[in-house]
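Engineer: For the protein sequence lines, the chains are A and B, in the order given.
Per numbering that gives the first Met the number 0, the first sequence starts with residue 0, numbered consecutively.
Per numbering that gives the first Met the number 0, the second sequence starts with residue 0, numbered consecutively.
Just so you know, these hints were derived from the structure itself, not from any lab.
Check each hint, because a few of them may be wrong.
Unchecked claim - Below, a list of computed lysine to any residue pairs in the SDA-like style, where the Cα atoms sit at most 25 Å apart:
(1) A:Lys9 x A:Arg45
(2) A:Lys66 x A:Asp136
(3) B:Lys50 x A:Arg95
(4) B:Lys50 x A:Asn84
(5) A:Lys141 x A:Phe68
(6) B:Lys50 x A:Leu65
(7) A:Lys94 x A:Leu65
(8) B:Lys74 x A:Lys94
(9) A:Lys60 x A:Lys133
(10) B:Lys67 x A:Trp77
(11) B:Lys50 x A:Ala164
(12) B:Lys74 x A:Phe68
(13) B:Lys74 x A:Ala16
(14) A:Lys161 x B:Asn43
(15) A:Lys141 x B:Ile101
(16) A:Lys35 x B:Leu6
(17) A:Lys133 x B:Lys67
(18) A:Lys133 x A:Asp34
(19) A:Lys15 x A:Arg95
(20) A:Lys94 x A:Lys9
(21) A:Lys141 x A:Trp77
(22) A:Lys15 x A:Lys94
(23) A:Lys9 x A:Asp49
(24) A:Lys165 x A:Leu65
(25) A:Lys165 x B:Leu6
(26) B:Lys50 x A:Lys94
Claimed, not checked - Some but not every residue of chain B turned toward chain A, in silico, with C-beta under 10 Å:
(27) Leu37
(28) Leu41
(29) Asn43
(30) Arg45
(31) Ile48
(32) Glu52
(33) His54
(34) Glu69
(35) Ile72
(36) Leu96
(37) Thr98
(38) Ile101
(39) Arg144
(40) Asp145
Note that CB positions come from ideal geometry on N, CA and C, so glycine has one too.
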Amino acid sequence: MSGKDFTNAKDDALVKAARRGNMQAFEELVARHRDKIFARAFSMMRNEDDAVDLSQEAWVKGWQRLKQFQGESSFATWMTRIVINLCLDQLRRQKRHRTESIEGMDEESGGVERQMPVVTVNPTERLERGELRKKIDGAMGKLSEEHRTVLVLHEFEEMEYKEIAKTVDCSIGTVMSRLFYARRKMAALLVDLRKEK
Amino acid sequence: MSEEQQLRLQAFLDGELPESDAREVLAWTQRDADAAALLTELRNTRAAIAKSELHLSVPETREFYWSKIEREIQKLEPVEKEIAAPILNWRRLLWPLGTAAICFVVAMMEIPRVNIVQPVAVVSQDTDETVVETDQANSDATTYRDEADGTTLVWFSAAADANPISGKMPGAIN
Numbered sequence: 000m001s002g003k004d005f006t007n008a009k010d011d012a013l014v015k016a017a018r019r020g021n022m023q024a025f026e027e028l029v030a031r032h033r034d035k036i037f038a039r040a041f042s043m044m045r046n047e048d049d050a051v052d053l054s055q056e057a058w059v060k061g062w063q064r065l066k067q068f069q070g071e072s073s074f075a076t077w078m079t080r081i082v083i084n085l086c087l088d089q090l091r092r093q094k095r096h097r098t099e100s101i102e103g104m105d106e107e108s109g110g111v112e113r114q115m116p117v118v119t120v121n122p123t124e125r126l127e128r129g130e131l132r133k134k135i136d137g138a139m140g141k142l143s144e145e146h147r148t149v150l151v152l153h154e155f156e157e158m159e160y161k162e163i164a165k166t167v168d169c170s171i172g173t174v175m176s177r178l179f180y181a182r183r184k185m186a187a188l189l190v191d192l193r194k195e196k
Numbered sequence: 000m001s002e003e004q005q006l007r008l009q010a011f012l013d014g015e016l017p018e019s020d021a022r023e024v025l026a027w028t029q030r031d032a033d034a035a036a037l038l039t040e041l042r043n044t045r046a047a048i049a050k051s052e053l054h055l056s057v058p059e060t061r062e063f064y065w066s067k068i069e070r071e072i073q074k075l076e077p078v079e080k081e082i083a084a085p086i087l088n089w090r091r092l093l094w095p096l097g098t099a100a101i102c103f104v105v106a107m108m109e110i111p112r113v114n115i116v117q118p119v120a121v122v123s124q125d126t127d128e129t130v131v132e133t134d135q136a137n138s139d140a141t142t143y144r145d146e147a148d149g150t151t152l153v154w155f156s157a158a159a160d161a162n163p164i165s166g167k168m169p170g171a172i173n
C-alpha cells in the first residue's frame, strides 16, 4: 500500500500496516483521531499543554502496543482508553504532590451537594448548542478531578458503573456517589451560569 | 431522602438496576414528589452534559504534532533493532556459509574421479614417429591419430600424485 492509498484506507488496514512497522500508516491514524484523543485528555486535565503532551504520549504507547489491539472495539475507542489511563496516572501523580483542599474533601463526602435544593427548572433550556457547550465546559472545569473523571467516563465515554470502577480503581459505590454529587453540582453551576447571563 | 435512596434513583435513571428494582423505583417516583423532582433534575443534567462535549482540535499543525510522536517512536526503535541485530547478522551468513559447505562437499566427491583419468600431454615430435616421454611405464594410454591433419593425441591414465610429464597440457603432436 503506498502513501497515497492511506488516506482512503480503513482504520483496520492502517492498523495492519502499522503493525508491520509502517510509520506512514500510523501517521494517518494519528491524523484521523488526534482531535478526539486530545479532546478526551483536555476534558480530564483541563489544561491544553497537558492535554497535548498526554495525547502524544498516548500515541507513542499506542504504537508500542499495536500488537495487543485485537479489534474488540474500534481503534479510536482503544486509543481513547489509553489516553484516559495516562490522564488518570498523571492526576494521581499531581494529587500526591499537593494537599487536598477543604472543598475537595466536601465534594468527596458530598456534604455540600446533599443539602442543595433540587433544581426545578431545566437550566439549559432555550440555550443555543454552542452556548450550552461552553456553559457545560465551564461548569465541568469547576468540578473536582474525581467528580469530573467519573462524569466524563459515564456521559462522554458511556461506560457503565462497573467499568468506571475498574478504570478508576475504586468501588462501584464510590462511582455512584461521585457521579451523583458531580451531577448535582453541575445542575447548581448551570443555574448560576444562567443567572449570570 | 437518604443517600442510599438518592443513589438508587440515579441507578434507575442510568439503567443500572435489575428490572424488579427498577419497577419499584418507578412506582416510588410516581407517589413521591421529591423523588420525582430529583429524578427530573438528574435527567436534565445528564441530557445537557451528554450532548454538549466541546469539539476541540489539537492546537498544532498535523506535521508539528506528528513530529514529536515520530521522534519518540524512533527513540524506541534502536532498542528493538539492537535486540534483533545478532539474529539478523547470523542469518546474513547463512547463505554464503551454506553455499561454501555445498561446494566443499561436491569438490570432495569430484576429486577422486578427476584423478582416475587424467589427460597428459605428449610432447615429442619427430617426422615419422611419436615419442612418449613418461616415467610411468605401466600407465594406460589412449592414442588418437588424425592422419589428415597430422595430429596425434594421447591420453594417459595417471595417479593423483603423478608428476606431469611435460609443461604443456594437454598436448597436440603435429
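Engineer: Confirm or reject each hint.
Structural biologist: Results for each hint:
With a CA separation close to 32 Å, the supplied pair A:Lys9 and A:Arg45 exceeds the 25 Å bound. Between A:Lys66 and A:Asp136 the CA atoms are separated by roughly 36 Å; this puts the pair beyond 25 Å, and the hint is violated. Between B:Lys50 and A:Arg95 the CA atoms are separated by roughly 33 Å; this puts the pair beyond 25 Å, and the hint is violated. In summary, the hint linking B:Lys50 to A:Asn84 is supported, as the alpha carbons are separated by about 23 Å, within the 25 Å threshold.
For a cut-off of 25 Å, the pair hint linking A:Lys141 to A:Phe68 is broken: about 35 Å separates their Cα positions. Proximity of B:Lys50 to A:Leu65 is assessed by CA-CA distance (about 31 Å); at most 25 Å being required, the pair is judged violated. With a C-alpha separation of about 30 Å, the suggested pairing of A:Lys94 with A:Leu65 is violated against the 25 Å cut-off. With a C-alpha separation of about 30 Å, the suggested pairing of B:Lys74 with A:Lys94 is violated against the 25 Å cut-off.
Distance restraint check for A:Lys60 and A:Lys133: the Cα-Cα separation of roughly 31 Å exceeds the 25 Å cut-off, and the hinted pair is therefore not satisfied. For a cut-off of 25 Å, the pair hint linking B:Lys67 to A:Trp77 stands: about 21 Å separates their Cα positions. A distance of roughly 23 Å separates the Cα atoms of B:Lys50 and A:Ala164; the hinted pair therefore holds under the 25 Å criterion. Pair hint B:Lys74 plus A:Phe68 holds up; C-alpha atoms about 22 Å apart against a cutoff of 25 Å.
This hinted pair checks out: B:Lys74 and A:Ala16 have alpha carbons roughly 20 Å apart, not beyond 25 Å. For the suggested pair A:Lys161 and B:Asn43, the alpha carbons sit about 23 Å apart, so the restraint of at most 25 Å is met. With a CA separation close to 77 Å, the supplied pair A:Lys141 and B:Ile101 exceeds the 25 Å bound. The suggested pairing of A:Lys35 with B:Leu6 is violated, with an alpha-carbon distance near 31 Å, which exceeds 25 Å.
Straight-line distance between C-alpha atoms of A:Lys133 and B:Lys67 comes to about 30 Å, which puts the hinted pair past the 25 Å bound. Our distance criterion of 25 Å between C-alpha atoms is met by A:Lys133 and A:Asp34, whose separation comes to about 18 Å. Annotation: proposed proximity of A:Lys15 to A:Arg95 is violated, straight-line Cα distance about 40 Å (limit 25 Å). Distance check on the hinted pair: A:Lys94 and A:Lys9 sit about 40 Å apart at the alpha-carbon level, beyond 25 Å; violated.
Our distance criterion of 25 Å between C-alpha atoms is broken by A:Lys141 and A:Trp77, whose separation comes to about 28 Å. Restraint check: the Cα-Cα separation between A:Lys15 and A:Lys94 comes to about 38 Å, which exceeds 25 Å; the hinted pair is violated. Note on A:Lys9 and A:Asp49: the hinted pairing is violated, with a Cα-Cα distance of about 30 Å set against a maximum of 25 Å. For a cut-off of 25 Å, the pair hint linking A:Lys165 to A:Leu65 stands: about 22 Å separates their Cα positions.
Using a Cα cut-off of 25 Å, the hinted pair A:Lys165 and B:Leu6 holds, with the two alpha carbons roughly 19 Å apart. Simply put, B:Lys50 and A:Lys94 have alpha-carbon atoms about 30 Å apart, too far for the 25 Å limit, and the pair is violated. Given the 10 Å rule on beta carbons, the hint for B:Leu37 holds: about 5 Å separates it from the nearest Cβ of chain A. At a threshold of 10 Å, the smallest CB-CB gap from B:Leu41 to chain A is about 6 Å, leaving the interface hint in force.
Nearest Cβ of chain A to the Cβ of B:Asn43: about 5 Å, under the 10 Å cut. The hint holds. Because the smallest distance between the Cβ of B:Arg45 and any Cβ of chain A comes to about 7 Å, under 10 Å, the interface hint for this residue holds. Hint status for B:Ile48 relative to chain A: holds, with the closest Cβ pair at about 5 Å, below 10 Å. A cut of 10 Å between beta carbons decides the hint on B:Glu52: the least distance to chain A is about 5 Å, and the hint holds.
Because the closest C-beta pair between B:His54 and chain A is about 7 Å apart, less than 10 Å, the hint holds. About 7 Å separates the beta-carbon of B:Glu69 from the nearest beta-carbon of chain A, less than 10 Å, and the hint is met. Given the 10 Å rule on beta carbons, the hint for B:Ile72 holds: about 5 Å separates it from the nearest Cβ of chain A. Interface restraint check: B:Leu96 against chain A, minimum CB-CB distance 28 Å, threshold 10 Å, status violated.
Because the smallest distance between the Cβ of B:Thr98 and any Cβ of chain A comes to about 30 Å, over 10 Å, the interface hint for this residue is violated. Annotation: B:Ile101 was flagged as interfacial toward chain A, and the flag is violated, the nearest CB pair being 33 Å apart, outside 10 Å. With a cut of 10 Å, the hint placing B:Arg144 at the interface with chain A is violated, because the nearest CB-to-CB distance is about 72 Å. The beta carbon of B:Asp145 is not positioned within 10 Å of any beta carbon in chain A (closest approach about 68 Å), and the interface hint is therefore violated.
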